[in-house]
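Participant: Sequence:
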Amino acid sequence: MPELPEVQTVVNYLTKHIVGKSILSINSPNKYTRVFGSCTLNECNRFLLKKHIENIRRRGKYIIFDLNQGHLLYHLRMTGKLILQLPKAEDIKYVSAKLTFDDTSELFFKDVRKFGRIYFCNNLDWLENKLGIEPLSAGFTSGWLHTQLSRKRRMMKPLLVDQSFIAGVGNIYVDEALWLAGIHPESRSSQIGKNKADSLCCGIKNILKKAIALNGTTIINFSYGQNSMGSYKEQLKIFGKENRPCPGCGNPIKKIKVTQRGTHFCPKCQKI
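Here the sequence shown is numbered in the working numbering, starting from 31 and rising by one per residue.
It should be emphasised that the hints constitute simulated quantities derived from the structure, not laboratory data.
Certain hints may be false.
Calculated pairs, DSS-like style, for lysine-lysine (alpha carbon to alpha carbon, straight line, at most 25 Å) [claimed, not checked]:
1. 224 with 298
2. 182 with 301
3. 46 with 61
4. 287 with 271
5. 128 with 46
6. 226 with 239
7. 81 with 61
8. 81 with 118
9. 81 with 51
10. 61 with 80
11. 160 with 144
Every value quoted in this text rests on a predicted model; they were computed, and no experiment measured them.
Based on the provided sequences and hints, a complete structural model is requested.
Facilitator: Take a look at the structure:
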């Protein structure tokens with residue numbers, strides 16, 4: 031699933047092409063109307079008709095179109111892509127939603143596995159209530175992180191990928207940040223000292239910033255624009271490198287399951 035850097039990359043791309051346009055209609059070329067949740071297609075069109083896109087931004091893994099009245103949100107999930115043109119006409123069977131703008135241009139929501147979702151709302155209170163702190167915000171400090179970790183007794187990997195705790199990070203960047211901080215993914219959060227919390231906070235911020243600068247990580251599915259790939263994969267230290275030498279000590283990187291998530295770590299550098 032695309033994480034914060036990948037979603038931000040899509041936002042950066044769309045901002046250059048979509049902001050300032052007005053929406054004429056939305057439809058579902060492949061008739062998969064479940065992409066709209068409980069809303070009917072008629073309700074979606076009534077909400078969006080002639081709405082002006084004033085801004086595009088990210089909150090966690092959500093892409094938010096701020097309209098002159100209300101908001102339109104996309105969650106890409108596993109295989110969702112927002113593209114301005116279909117590379118192949120037959121790909122229309124994978125398009126769950128298509129926006130048409132007042133200048134006749136279009137935005138396609140292509141989603142092969144159909145896990146992605148679209149939301150329409152007048153305010154974002156519901157989203158703020160379910161998402162945690164933004165890791166690139168001013169409020170995400172080592173002091174905040176150490177205090178929050180000390181108040182909980184959860185394993186570190188499941189806690190850090192919990193979107194109600196920290197919004198936007200997932201498997202890739204959590205594994206990378208835990209390795210950088212020397213924290214075992216199964217360590218208990220309440221046992222993480224201040225120095226480790228400092229290292230983890232700095233690691234999360236730096237990794238995310240670098241990944242955004244390189245347009246995210248493409249391993250299997252992620253692309254943006256007209257099939258452009260993220261290049262942060264070349265910077266990964268341990269994710270996807272099972273049995274390869276750890277960059278820190280040379281011992282083999284291990285992969286285990288932590289609450290059903292594939293998790294990479296170095297047994298020597300990241301001890302419980």
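Participant: Hints numbered earlier in the text: which of these fail when held up against the supplied structure?
Facilitator: Failing hints, ascending: 3 and 8.
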